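Numbered by my numbering, the letters in the sequence shown go through residues 355 to 962 in order.
If you are wondering where the hints come from, they were derived from the structure by calculation, not from laboratory data.
Nothing here was measured: the structure is a model prediction, and the numbers come from that model.
Among the hints, a few may not be true.
[What the hints assert, rightly or not] Distance condition first, Cα-Cα at most 25 angstroms in a straight line; then the derived SDA-like pairs of lysine to any residue:
#, residue 1, residue 2
1, K772, N628
2, K564, H537
3, K567, P775
4, K491, E508
5, K577, D610
6, K556, L608
7, K556, L466
8, K564, D622
9, K755, E639
10, K758, R647
11, K491, N532
[Claimed, not checked] What follows is a list of derived Cβ distance ranges for each label pair:
#, residue 1, residue 2, range
12, W661, T725, 32 to 40 angstroms
13, P677, A655, 42 to 50 angstroms
14, M703, G724, 28 to 36 angstroms
Think of the CB as a built atom: it goes at the ideal place given N, C-alpha and C, for glycine as much as any other residue.
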Amino acid sequence: MELKWLLCATLLVFGIVVVQAHDGEDDNDDVVDIEDDLEDGIEEVEELKPEASTPPPAPKVTYKPPVPTGDVYFVETFDDGTLIGWVLSKAKKDDTDDEIAKYDGKWEVQELKETKLPGDKGLVLISRAKHHAVSAKLSKPFVFDTKPLIVQYEVNFQNGIECGGAYVKLLSKTPDLNLDQFHDKTPYTIMFGPDKCGEDYKLHFIFRHKNPKTGNYEEKHAKRPDADLKTYFTDKKTHLYTLVLNPDNSFEMLVDQTVVNSGNLLNDMTPPVNPPREIEDPNDEKPEDWDERPKIPDPDAVKPDDWDEDAPAKIPDENAVKPEGWLDDEPEYVADPDAEKPDDWDEDMDGEWEAPQIANPKCESAPGCGTWQRPMIDNPNYKGKWKPPMIDNVNYQGIWKPRKIPNPDFFEDLEPFKMTPFSAVGLELWSMTSDIFFDNFIICIDRAVADDWASDGWGLKKAADGAAEPGVVGQMMAAAEERPWLWVVYILTVALPVFLVVLFCCSGKKQPSAAEYKKTDAPQPDVNEEEEREEEKDKGDKEEEEEEEEANEEKLEEKQKSDTEVGNASQEEEEEEEEEEEDEDKKPASEEEETVNRSPRNRKPRKD
Numbered sequence: 355m356e357l358k359w360l361l362c363a364t365l366l367v368f369g370i371v372v373v374q375a376h377d378g379e380d381d382n383d384d385v386v387d388i389e390d391d392l393e394d395g396i397e398e399v400e401e402l403k404p405e406a407s408t409p410p411p412a413p414k415v416t417y418k419p420p421v422p423t424g425d426v427y428f429v430e431t432f433d434d435g436t437l438i439g440w441v442l443s444k445a446k447k448d449d450t451d452d453e454i455a456k457y458d459g460k461w462e463v464q465e466l467k468e469t470k471l472p473g474d475k476g477l478v479l480i481s482r483a484k485h486h487a488v489s490a491k492l493s494k495p496f497v498f499d500t501k502p503l504i505v506q507y508e509v510n511f512q513n514g515i516e517c518g519g520a521y522v523k524l525l526s527k528t529p530d531l532n533l534d535q536f537h538d539k540t541p542y543t544i545m546f547g548p549d550k551c552g553e554d555y556k557l558h559f560i561f562r563h564k565n566p567k568t569g570n571y572e573e574k575h576a577k578r579p580d581a582d583l584k585t586y587f588t589d590k591k592t593h594l595y596t597l598v599l600n601p602d603n604s605f606e607m608l609v610d611q612t613v614v615n616s617g618n619l620l621n622d623m624t625p626p627v628n629p630p631r632e633i634e635d636p637n638d639e640k641p642e643d644w645d646e647r648p649k650i651p652d653p654d655a656v657k658p659d660d661w662d663e664d665a666p667a668k669i670p671d672e673n674a675v676k677p678e679g680w681l682d683d684e685p686e687y688v689a690d691p692d693a694e695k696p697d698d699w700d701e702d703m704d705g706e707w708e709a710p711q712i713a714n715p716k717c718e719s720a721p722g723c724g725t726w727q728r729p730m731i732d733n734p735n736y737k738g739k740w741k742p743p744m745i746d747n748v749n750y751q752g753i754w755k756p757r758k759i760p761n762p763d764f765f766e767d768l769e770p771f772k773m774t775p776f777s778a779v780g781l782e783l784w785s786m787t788s789d790i791f792f793d794n795f796i797i798c799i800d801r802a803v804a805d806d807w808a809s810d811g812w813g814l815k816k817a818a819d820g821a822a823e824p825g826v827v828g829q830m831m832a833a834a835e836e837r838p839w840l841w842v843v844y845i846l847t848v849a850l851p852v853f854l855v856v857l858f859c860c861s862g863k864k865q866p867s868a869a870e871y872k873k874t875d876a877p878q879p880d881v882n883e884e885e886e887r888e889e890e891k892d893k894g895d896k897e898e899e900e901e902e903e904e905a906n907e908e909k910l911e912e913k914q915k916s917d918t919e920v921g922n923a924s925q926e927e928e929e930e931e932e933e934e935e936e937d938e939d940k941k942p943a944s945e946e947e948e949t950v951n952r953s954p955r956n957r958k959p960r961k962d
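Kindly produce the complete structure, drawing on both the sequences and the hints.
This is the structure we're talking about:
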């Protein structure tokens with residue numbers, strides 16, 4: 355058994371040394387390369403490697419442009435390689451320096467840099483730190499009536515994202531809409547899509563609501579999603595963004611066909627669509643005698659006579675004693691004897707030179723140096739400044755609030771879904787990161803049509819990415835190709851459990867059962883005889899214990915019985931003694947008669 359544990363410990367230590375040696379190689383370039391240390395082991399492992407470690411080729415996914423399966427208001431795949439139908443903005447941004455005010459960011463139609471679907475193209479934001487604006491007309495304006503609105507498109511942050519957005523704007527239908535002058539102030543109905551700056555990851559859904567009383571528009575923002583959105587910005591994969599807006603005012607926001615946020619336009623927007631019925635009177639003022647204090651100092655309280663406000667919080671400890679060996683005459687710091695004045699020291703300019711101070715070496719072996727002072731402790735008599743206790747304010751009136759008055763701007767719009775119609779879709783963005791990829795836009799009224807479009811477009815990308823990604827075994831093989839020492843780890847990982855199973859489960863000699871011995875005249879091993887003797891001994895000990903218990907119980911019963919008999923015997927003896935005394939009184943007379951009768955003189959002669 356000791357040999358077994360020794361072999362197990364040796365294997366474990368060897369595996370740990372391999373891993374730790376590799377970690378040391380990564381942390382310190384001066385450490386000897388682990389491949390040199392394990393050269394002999396690797397040569398043996400190389401013989402065990404399969405001849406062909408290259409994983410089988412992934413199944414090929416052929417790209418086919420998606421085709422809408424129903425009525426749509428807008429679709430775009432960019433697979434023709436052009437921006438036909440799209441208008442690049444030539445506007446300038448207001449209140450901005452002329453150098454960056456122009457919308458001169460560059461757009462191009464390209465494939466993904468690491469595409470798995472040759473022929474699949476999209477719109478790419480090329481420039482960084484510039485304003486970009488591009489837009490396109492819908493086939494027909496979208497009017498909010500009794501049909502839902504579905505907006506869907508794909509985004510891939512090929513280089514990640516530092517600060518910037520990838521949201522779309524649905525541009526309101528207005529008589530003066532000019533796509534050539536599309537800019538940040540161009541009226542829109544809905545803004546939807548991802549946006550990030552710093553560590554703030556957002557998925558916007560904003561709609562502009564028209565006040566029916568004033569005619570002014572106000573932006574309404576959906577609540578923030580509870581889901582963690584960071585992965586969608588950092589994994590450099592293509593993600594599908596979907597907005598579903600229903601005539602019953604409900605909405606859903608999906609990423610990769612998974613709902614990440616949902617709500618109702620009446621209840622889950624900020625600020626609310628409908629203003630409150632009542633508001634606080636802006637002209638109301640708090641009365642001067644209004645008392646908002648729930649507690650006040652007790653006016654009848656008096657400071658106690660023994661209250662000492664001047665007592666210090668800390669006092670010297672009178673029980674403290676100066677440690678033995680304290681060097682009172684030695685300073686705590688002394689001038690450095692090895693210091694020398696610099697050659698360029700000018701006493702006229704720099705003043706008189708003084709050596710720097712260092713800790714007094716004589717104090718290192720002593721409990722302390724310099725003037726000893728008693729340590730300070732808390733003063734038990736310290737009470738601080740006296741303050742009267744606080745009591746309930748009988749004049750407390752609560753926190754004052756202005757009175758409520760009817761809201762003169764109140765209105766109630768129970769159908770905020772019926773927004774301003776829109777007639778164009780646009781991207782108006784600023785980004786500090788380039789190569790943002792957009793693809794497969796669709797705007798429709800049928801959820802099934804959008805799902806089919808997603809399956810034929812984004813679903814194909816997802817399938818291609820999954821097919822191209824190697825499995826766990828493939829990833830391990832590729833890692834071992836780059837770092838051959840990993841073969842040692844793999845072999846140990848597989849061999850060690852198998853070795854332990856064989857060692858502990860299969861290495862022992864199988865012992866024949868007792869039934870098999872009964873079938874033959876073969877003698878049983880000594881181990882079994884010893885076990886039987888131990889069992890018999892245990893059995894005999896158990897029987898002896900039971901016999902002792904029975905004997906003790908019998909003795910107890912006999913003792914109780916004897917005690918009872920003794921009591922009865924004593925009583926009988928007393929009765930017998932009384933009877934004997936009575937018999938003794940009658941005995942003399944009877945004895946005399948018997949003597950006379952037995953005397954020879956009184957016997958009658960026997961007749962022959």
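Now the hints, each set against the structure:
1. Of the supplied pair hints, the one linking K772 and N628 holds, its CA atoms being roughly 14 angstroms apart against a limit of 25 angstroms.
2. Between the alpha carbons of K564 and H537 the distance comes to roughly 21 angstroms, so the proposed pair stays at or under 25 angstroms and holds.
3. Between the alpha carbons of K567 and P775 the distance comes to roughly 19 angstroms, so the proposed pair stays at or under 25 angstroms and holds.
4. About 19 angstroms separates the Cα atoms of K491 and E508, which keeps this hinted pair within 25 angstroms; it holds.
5. For the hint pairing K577 with D610, the CA-to-CA distance comes to about 20 angstroms; that is within 25 angstroms, so the pair holds.
6. Taking the CA atoms of K556 and L608, the gap is about 13 angstroms. The hint holds against a cut of 25 angstroms.
7. Restraint check: the Cα-Cα separation between K556 and L466 comes to about 24 angstroms, which is no more than 25 angstroms; the hinted pair holds.
8. Annotation: proposed proximity of K564 to D622 holds, straight-line Cα distance about 17 angstroms (limit 25 angstroms).
9. Between the alpha carbons of K755 and E639 the distance comes to roughly 9 angstroms, so the proposed pair stays at or under 25 angstroms and holds.
10. At roughly 23 angstroms between alpha-carbon atoms, K758 and R647 fall within 25 angstroms of each other, so this suggested pair holds.
11. Of the supplied pair hints, the one linking K491 and N532 holds, its CA atoms being roughly 10 angstroms apart against a limit of 25 angstroms.
12. For the pair W661 and T725, the beta carbons lie near 35 angstroms from each other, so the given range of 32 to 40 angstroms is met.
13. Under the hint 42 to 50 angstroms, the C-beta atoms of P677 and A655, about 48 angstroms apart, fit the expected range.
14. A hinted range of 28 to 36 angstroms holds for the C-beta pair M703 and G724, which are about 34 angstroms apart.
The structure shown violates none of the earlier numbered hints.
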